[in-house]
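Using the hints, put the two chains back together into the complex; each one sits in its own frame.
The residues making up each chain are set out below.
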Amino acid sequence: MTGPAIILLLAGLGAIAWVSARARAMRLQTAARATGRRDAVHSLPGYHGWYVALWTLIPAGIFLAVWANIAPGLVTQSVLADPAAQALPADGFARSAILGEARAIASGLQAGAFNPASQALVEPYRTAISEYGIAGAALALILAFAGGAYAFTRIRPDFRARTRVERLVMMALLLASLLAIVTTLGIVASLLWESFRFFSMVNPIDFLFGFKWSPQSAAMGYGNDDAFGAIPLFWGTIFIGAIIAMIVAIPLGLMSAVYLTQYASPAVRKWMKPLLEVLAGVPTVVYGYFAALTVAPALRDFAVAIGIQGASSESALAAGLVMGVMIIPFVSSMADDSIAAVPQSMRDGSLAMGATTSETIKRVLVPAALPGVVGGVLLAVSRAIGETMIVVMAAGLAANLTLNPFASVTTVTTQIVQLLTGDQEFDSAKTLAAFALGLVLFVVTLLLNIVALRVVKKYREAYE
Amino acid sequence: MTDEQKSLAPANPKMTARDVKVFYGPKQAIKGVSIDVDMDNVTAFIGPSGCGKSTFLRTLNRMNDTVASARVEGTITLDGEDIYAPSMDVVQLRARVGMVFQKPNPFPKSIYENIAYGPRIHGLAASKADMDVIVEKSLRRAGLWEEVKDRLQDSGTALSGGQQQRLCIGRAIAVEPEVILMDEPCSALDPIATAKIEELIHELRGRYAIVIVTHNMQQAARVSQRTAFFHLGELVEYGVTSDIFTNPKAERTKDYITGRYG
Numbered sequence: 000m001t002g003p004a005i006i007l008l009l010a011g012l013g014a015i016a017w018v019s020a021r022a023r024a025m026r027l028q029t030a031a032r033a034t035g036r037r038d039a040v041h042s043l044p045g046y047h048g049w050y051v052a053l054w055t056l057i058p059a060g061i062f063l064a065v066w067a068n069i070a071p072g073l074v075t076q077s078v079l080a081d082p083a084a085q086a087l088p089a090d091g092f093a094r095s096a097i098l099g100e101a102r103a104i105a106s107g108l109q110a111g112a113f114n115p116a117s118q119a120l121v122e123p124y125r126t127a128i129s130e131y132g133i134a135g136a137a138l139a140l141i142l143a144f145a146g147g148a149y150a151f152t153r154i155r156p157d158f159r160a161r162t163r164v165e166r167l168v169m170m171a172l173l174l175a176s177l178l179a180i181v182t183t184l185g186i187v188a189s190l191l192w193e194s195f196r197f198f199s200m201v202n203p204i205d206f207l208f209g210f211k212w213s214p215q216s217a218a219m220g221y222g223n224d225d226a227f228g229a230i231p232l233f234w235g236t237i238f239i240g241a242i243i244a245m246i247v248a249i250p251l252g253l254m255s256a257v258y259l260t261q262y263a264s265p266a267v268r269k270w271m272k273p274l275l276e277v278l279a280g281v282p283t284v285v286y287g288y289f290a291a292l293t294v295a296p297a298l299r300d301f302a303v304a305i306g307i308q309g310a311s312s313e314s315a316l317a318a319g320l321v322m323g324v325m326i327i328p329f330v331s332s333m334a335d336d337s338i339a340a341v342p343q344s345m346r347d348g349s350l351a352m353g354a355t356t357s358e359t360i361k362r363v364l365v366p367a368a369l370p371g372v373v374g375g376v377l378l379a380v381s382r383a384i385g386e387t388m389i390v391v392m393a394a395g396l397a398a399n400l401t402l403n404p405f406a407s408v409t410t411v412t413t414q415i416v417q418l419l420t421g422d423q424e425f426d427s428a429k430t431l432a433a434f435a436l437g438l439v440l441f442v443v444t445l446l447l448n449i450v451a452l453r454v455v456k457k458y459r460e461a462y463e
Numbered sequence: 000m001t002d003e004q005k006s007l008a009p010a011n012p013k014m015t016a017r018d019v020k021v022f023y024g025p026k027q028a029i030k031g032v033s034i035d036v037d038m039d040n041v042t043a044f045i046g047p048s049g050c051g052k053s054t055f056l057r058t059l060n061r062m063n064d065t066v067a068s069a070r071v072e073g074t075i076t077l078d079g080e081d082i083y084a085p086s087m088d089v090v091q092l093r094a095r096v097g098m099v100f101q102k103p104n105p106f107p108k109s110i111y112e113n114i115a116y117g118p119r120i121h122g123l124a125a126s127k128a129d130m131d132v133i134v135e136k137s138l139r140r141a142g143l144w145e146e147v148k149d150r151l152q153d154s155g156t157a158l159s160g161g162q163q164q165r166l167c168i169g170r171a172i173a174v175e176p177e178v179i180l181m182d183e184p185c186s187a188l189d190p191i192a193t194a195k196i197e198e199l200i201h202e203l204r205g206r207y208a209i210v211i212v213t214h215n216m217q218q219a220a221r222v223s224q225r226t227a228f229f230h231l232g233e234l235v236e237y238g239v240t241s242d243i244f245t246n247p248k249a250e251r252t253k254d255y256i257t258g259r260y261g
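Those protein sequences? They're chains U and B, same order as listed. In case it helps, numbering that gives the first Met the number 0 puts the first sequence at residues 0 to 463. In case it helps, numbering that gives the first Met the number 0 puts the second sequence at residues 0 to 261.
Next up, chain B with everything else stripped away, as it sits in the complex (with noise of 0.2 Å):
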């Protein structure tokens, strides 16, 4: 174990969350969460169903604006800067921090068009040799290029399940994103599938602070360095991965992780 991976105070917060509660109507979803996601590791969240940690993952890149009844109280930083404040733009926002969902969700478009889509909506490719630069880059860093180089113009909905999940994480790449959320990324998975996903979480770590959700305690500490055990809203337990696994201090985490419950 490195001496990085000991001390949990991140020497490079990423993304801080201070206090945050979310309600959906009366009902309240989070109950005062502080969490600061560090740049260099990667992030895990597990619980139980329902314990609200993908609620929480969705308040980072405030994809629960989409849903009428969600309300948001405390702050919640990127960089600094609050991402409720009025003067945030949220499609900057959400460029800045992808996300990656628990069923792949390519659109009914070619794969090329499936990773242009963002650069395109953004501006970020002056011309069409840029974008096939860009389309590229990204499908190399999601580790697809290889699989698909020769049909690009083919439908990204004729992929298998782990290149579909595999061609969203490029998808999120393309708009250079500084944080990728991965909202369960590997539920709708293989077995051989998941654990392309998770080589590649691996190779991504570093480059953009990446957060996860999993319902595979495994999973979590396979491809994580840190790790925050949600229950019952409540952020339970934050630590280095391996200390939460082994040598957890709440009675709940411990609970969790030897199978009492979940």
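The following block holds chain U by itself, in its conformation from the complex (with noise of 0.2 Å):
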């Protein structure tokens, strides 16, 4: 019996269910309301009928996830007995070759085999499926006739099934949201695990603060020696993301945030804001061309104009800039809550004093709100030192340590990009150097975010 089938069984089964319940707990309800007490009926007829078709299929369900996973292991090991299996090769590889071409062959995924040695296996293989099949299949429909009948045998008319109901939907919610936190988990657990097999190779230390990044030669055999040294990547990721880029964004953010809550009136600011937000809509690679492609060569002719040194087509300043304009949005927004929620009446006080409104601004308001700017700064930081588009596309790969804007610099992002696609072994430093990099810009950013949270919740408090 195949995957689907079951599936649809088992819902109709777990519907009869829910009909017949809640019948059944209707003609119990209206016998015990005719005793005329008033705790002699507690739940509605539907709960019992969710009640029972939720017994009917969690266990069955339950169990078939389970098989699911452990089935294909139980079919190759009664493929191994049969006669036929004693013809494989030993080698490990082979075997795992023509097993796998057998068992797609009998599941119907493949017409005919290439290797005659796989053409055998495919009778017992087929065997082997559809009985493990049946077998899985009158295990789950056991399981949903059990759940179901003990649950159907609990009705009765002061039966709490409305209490069991919810604690049943409050146990799937809270599945729903573990799923999520054990993803998460599972992601730093991949990270922190590959970093591990990573440094192991390669001296975390050499790694952290060495000079010279060149996996390419590592991986053509010069040892990992001196080839990890993510300084200039590192040097890359700050000079664009957190220098050139917040250069742009914070003082156009503050400016266009103040002159959005202070100046603009409110049919202004009605259609002003959500026309800068759409900024933040634009999708990365739509930048990455934008600075590829128009701003980097501009920069260029204009540092060769002007005479520059080692001006190059892909520099750092294109992305950076690209990338301040980017995070405008984040910038200006926060700032924007944050000016907002500095009360009206310290702004009062101010002009009462005979204070013009820019003295009330730059006096009185931004260092109110500062706390919520920078804040606000900082996550626009963790952001741009995430970015990956735009610099892949217009920071270039050479891992210069420079502090010349026009000159091309790489990012950890760049890097991560660079060392994953293509044809890799998975087993090299230079693959593995990309879940180091990793690492470091997920616990950086991490600790970003953390600081500006806690930064920007102390001064939400301050005056609520």
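Hints were generated in silico from the structure; no laboratory data involved. Since we're looking at a predicted model, the values are computed, not measured. Glycine residues also receive a C-beta, built at the ideal position from the N, C-alpha and C atoms. Among the clues, some could well be false.
As the list claims (entries may be wrong) - Listed below are several chain U residues computed to face chain B (Cβ distance under 10 Å; list not exhaustive):
id, residue
1, 342
2, 345
3, 351
4, 354
5, 363
Here you go:
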């Protein structure tokens, strides 16, 4: 019996369980009401229906999920026990290739065998799959019936089905949120694990504080020792994301927030604020080609015209400028929120002393809003250093340690992309370096986020 | 009761309002108010919520300018000068007509910086020493000096509510205003802090023309020599405080004072 069929069958059983349990609860409750006691009836019939239906579905469903994971192993076991399997080569790789092919043919994914050895195993596979399929389906159905019957016998007029269903709903919701957390933990664990493997090949000190980044030379067999110094990458990331981008984004974001909160009339604010926020919705790849195809060549021509050495068509400045523009809405909307959170009475107090609007902004509003603005900037930095598309397209690959904004630098994210795209062995230091870089990036952005959120929260409390 | 208090036509009008109307959009909040604010007496504005007393107070230093939909008609003068004339610098006006708000609103800066804020904007102190003098003088006048002299660098927001309000009064005094407008300055304070502010108002009387808006009729009776009763955007009655409370002429004033509504 195939998977979809058994699931449909179970769904049908669930529906039947719901309908019949509800009907039974209704009949029993009608009788119980006749006794006239107020507590004779507890839950609405629908809850009894759900209670029985869930008892029918959940145990069977859990069993099917487990079965789907262990059945292939059991099938292989039984095929190996078949006399035809005695002819299999001892080599593990060849063995699993033949077994894989036989399985594919048996389940109808592949028409004919490339390896004649597989052909002999198709038939044992086919029988094993169908046997275990039938066994699984039968067990699932038995569980469904058993669960349903157990729940059905518990239907009484005063049975607290509503409470039970409530608890199940709560558990389902809890599971949903745990899933996200577990995924995060899994990602962190895999980062940690792969980074650990990397650091067993390369000294962490050399990685974190080394000045030479040339993973290609390591891959070509020149040794791992000096090839993975990530300082140029960290510098490139900071130079683009935390310096150039912020030089653009902080003043522009802050000034636009001040204009929008303090000077703009409600009508202007109404169309200008959403328009500014559209910037945040532009896909980063669009920014990327804008940076690479429009801004970078223009900057290079400019640099050449004024005679700057080392100007490249993939410059830190191009990536940083465009990234800064991309970040403006983040800074401006955080600054907007924190300036708006400064009580009106503060503003009135200053104006009533004879201060002008700009004096009020400079001396009262911005200082009072500063912690919130700082929080916004930190969030923007963490977003900027994790940004990938713009730098991949516009920042270049050369791991230069330079202060020249017209020169090409590379970033952590760019290098991760470089290390992992294309055909790679998965156990070389070169590939694993991507995980170590990812780990560093993860730790840094996590810290930035924690600090930023704390700053913002502390500040919010000050006025509440 | 002294003779001075009896004569209503003030010998020394600091501000005059003639037929002042205030509109918020299409809604008229003040319907033709004419009043003289006396230099030497404390003037109280009383009336039920929404009667326009605070709105009218805010026309006296043009704080209504910050409300986009507000429009003021009629004339208001300060020492005979029309404050709504195009030649009037609103920043200068507000330096001359200070304001204390309903809720204490010290800036999130040190006590010292709160007081120094106004003098600094208006360039009243040439040196740090000058500023120290201004800060001490203002805090003394606000009756706060003894309580805070050892912690001038502490945040103004760390003070108690009553102290914060006196800090705000000190802040207003620091720019040497001629008129101080107080918009229900005690409504957020406990009775002891209220008593201190009232005492302070007594001490400040004569040095500054003071206008106080209050909900509390006892307070008006205690601190003011002139009382104006507002109702539904109109000035119903204006006179010597003791007359208003003991012998109101208008029926509406009498109803309000005796607690018939409000």
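Here's how the hints hold up against the structure:
The restraint placing residue 342 of chain U at the interface with chain B holds, with a minimum CB-CB distance near 7 Å, inside the 10 Å limit. About 6 Å separates the beta-carbon of residue 345 of chain U from the nearest beta-carbon of chain B, less than 10 Å, and the hint is met. For residue 351 of chain U, the shortest C-beta to C-beta distance to chain B is roughly 4 Å, which falls under 10 Å, so the interface hint holds. The interface hint given for residue 354 of chain U holds, since its Cβ lies 5 Å from the closest Cβ of chain B, which is under the 10 Å cut-off.
A hinted interface residue such as residue 363 of chain U counts as satisfied when its beta carbon comes closer than 10 Å to some beta carbon of chain B; here the least separation is about 6 Å, so the hint holds.
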